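Going down the list, the protein sequences come from chains R and D. Heads up: the first sequence begins at 157 in our numbering, then just goes up one per residue. Heads up: the second sequence begins at 13 in our numbering, then just goes up one per residue.
It is worth saying that the hints were derived from the structure and are not from the lab. Heads up, some of the hints might be wrong.
To be verified - Derived SDA-like pairs (lysine to any residue); straight-line CA-CA distance at most 20 Å: (1) D:60 with R:466; (2) R:315 with D:159; (3) R:315 with D:131; (4) R:200 with D:64; (5) R:405 with D:167; (6) R:200 with D:42; (7) R:315 with D:158; (8) R:315 with D:182; (9) R:609 with R:456; (10) R:315 with D:171; (11) R:315 with D:167; (12) R:405 with D:193; (13) R:315 with D:181; (14) R:315 with D:172; (15) D:60 with R:180; (16) R:405 with D:171; (17) R:405 with D:192; (18) R:567 with D:62; (19) R:315 with D:124; (20) R:609 with R:166; (21) D:60 with R:200; (22) R:315 with R:168; (23) R:315 with D:46; (24) R:405 with D:194; (25) R:405 with D:49; (26) R:315 with D:163; (27) R:200 with D:46; (28) R:315 with R:467; (29) R:315 with D:192; (30) R:200 with D:158; (31) R:166 with D:186; (32) D:60 with R:565; (33) R:567 with R:480; (34) R:315 with D:176.
Stated by the list, open to error - Quick list of simulated restraints, FRET-style, between CB atoms: (35) R:207 with D:46: 38 to 46 Å; (36) D:191 with R:363: 32 to 40 Å; (37) R:203 with D:14: 20 to 28 Å; (38) R:329 with D:184: 30 to 38 Å.
Quantities reported herein were computed from a predicted structural model and do not represent experimental measurements. Here a beta-carbon is modelled for each residue, glycine too, at the ideal position from N, C-alpha and C.
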Amino acid sequence: MTLPRTLFDKVWAAHVVTSRADGTDLLWVDRHFVHEGSHHAFRKISERGLAVAEPGLTFGVTDHYAPTRGAPANDEIAGMIRRLSANTGTHGVRHFAMGDPRQGIVHVIGPEQGLTLPGLLIVCGDSHTSTHGAFGAIAFGIGATEVAHVLATQTIWQKRPRSMRITFTGRLSPGVTPKDMALAWIARLGADGARGHAIEYAGDAVRALSMEGRLTLCNMSIEGGGRFGMVAPDETTFAYAEGRAYAPKGADWDRAVAYWAALRTDDSATFDREEVIDAAAIAPTVTWGTSPEQALPINAAIPAATTDQIADALAYMGLTAGQPLDGLPVDQVFIGSCTNARIEDLRAAAAILRGRKARVPGLVSPGSEAVRRQAEAEGLAQVFTEAGLDWVASGCSMCVGMNGDIVAPGKRCASTTNRNFKGRQGPGARTHLMSPAMVAAAAVTGTLTDVRKLMEGRA
Amino acid sequence: MTTAFPPVTGIPARLPLDNVDTDQLIPARFMSTPRAEGYGRFLLHDMKADTPAANLPEGAQVLIAGRNFGSGSSREAAVYALVDFGIRAVLAPSFGDIFAGNAVNNGLLPARVAPEALAQIEGAVMVDLQACTIRHAGGETPFDIDPVWREKLLNGWDDIDLTASRAGEIAAYRTRRRAGAPWSIPADEQE
């Protein structure tokens, strides 16, 4: 008889190449994604005269510095993009470069291309790699030294993290989205609430989510300190993956599904930590400060500066204690990023914007070129442009500002992204995180707004 | 005995704020710079403007910081900025998981110290990784670090070197994986 195991335990065990006496395992990596930021790691292996061990399991994509309006903003940015092409070319690694119909944000294109699958171990030099866990994969962000190690060996040394399950019971209310689920748990448990743990998201409200929704939820794991976030695969997962370019075909597909169906936490398995959240009690949520844990329901007010930490955040954000969140004027909006730029996100935002005008300027950057084409075919792009927002190409764009898409100092931006850190969207930028529908509502009113007031008679 | 991580001494710099994320440690726009040019000048670059404590004293080798230090992005450049500035040990109640691993991979010690104990550290310190203690004018304060990371720092181990001796096991696993889980290979890679 085998001991009851969690989903994480099962996928981890399947990847152990060898173990050290000190409890560290050498794990096999099924997929390694690299981007422009991987230049440090490529240099490290070049300096040692090493080759990429498994070019066939390594995929490059241009996203962090990708221009969203024509040419790169300056020579330095163009250089970063060229360097990735050169490095992937030298090592025979496939690269979804600018102009490739498969290009987009790494955490959007992995699932889209069928590279992200249940039961895989996936790494990338980007903390939002937790996104891919939505398929029931172990997926985590790594630093440049680890990227170099994976390039050179296709393996990574890791100590098993502690286990944690976050169960969302019940059903989400209308106007409440996976982004709100994420902000709600992070606000409750803290930006380091899941530190040292691998999270499994479970419960009826998680089961009911589409793949896009699960990807958003797993994406935000790292904002609560969790390097890993997972959802057990089910029919929703299989239906999404089937037929995608790099997904298994024929007998391999059948064999895979048979294996994947068993990738669930055994009923009697226990977790080091359990948290239960009532999904029905979650309201549309926005951040007010400079950490994702500083989030509140839209009908709340700015908290009192009871600590230096809060006072510091309020000063940076230009806010006063007691001010209602609803009605707070914003200068601009951004819809994009690996968190919320998939087709469902764009549909949700367009449902609010259709037939309305934005009172503030804004940028909409689809998560991938494939999402861009689909959104244009569905007429969503037209909704955005008719509302007065800019519809641009795909990349990380204004979430991290590396390509030059930044929020000016002191400007307030309602954003579908993942980090409201000081300066994240540009030096001095003031970021409020929220769902795509909430950003659309902010565009329509020019203020933070409860989207539910704008939903009457709409999907 | 000789060690790759001898005790670190000096007056610690202090940055007593929680959640100092890697975007604060190094803003994204500096990350296209080659490492050879040095990252020390980028450390806490934008935070210096409005947070006086972010102007760390030149020559500091120890930094006392708040909860969840180094949270956020996986950018190893955050560690490069600290190391190139001269910091060899950060003492904080907790660290972002990815940051802490990156630190160890670059010879920077992430030492966990309870907030109450951190507050009692006075004057010059000596951070001794061998003994996992911080000696200072107010006495001796223990710190926590994963024993695997402690060994790695003390021995100056490099993972690629360690893994080289495992090549046979990796090759055997690869064969097993390809035979046992052919679906795990990208569809266009299959023989």
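For this session: Give me the numbers of the hints this structure contradicts, sorted from smallest to largest.
Result: Of the numbered hints given earlier, those the structure breaks are 3, 4, 5, 15, 16, 20, 21, 23, 25, 28, 29, 30, 35 and 38, listed in rising order.
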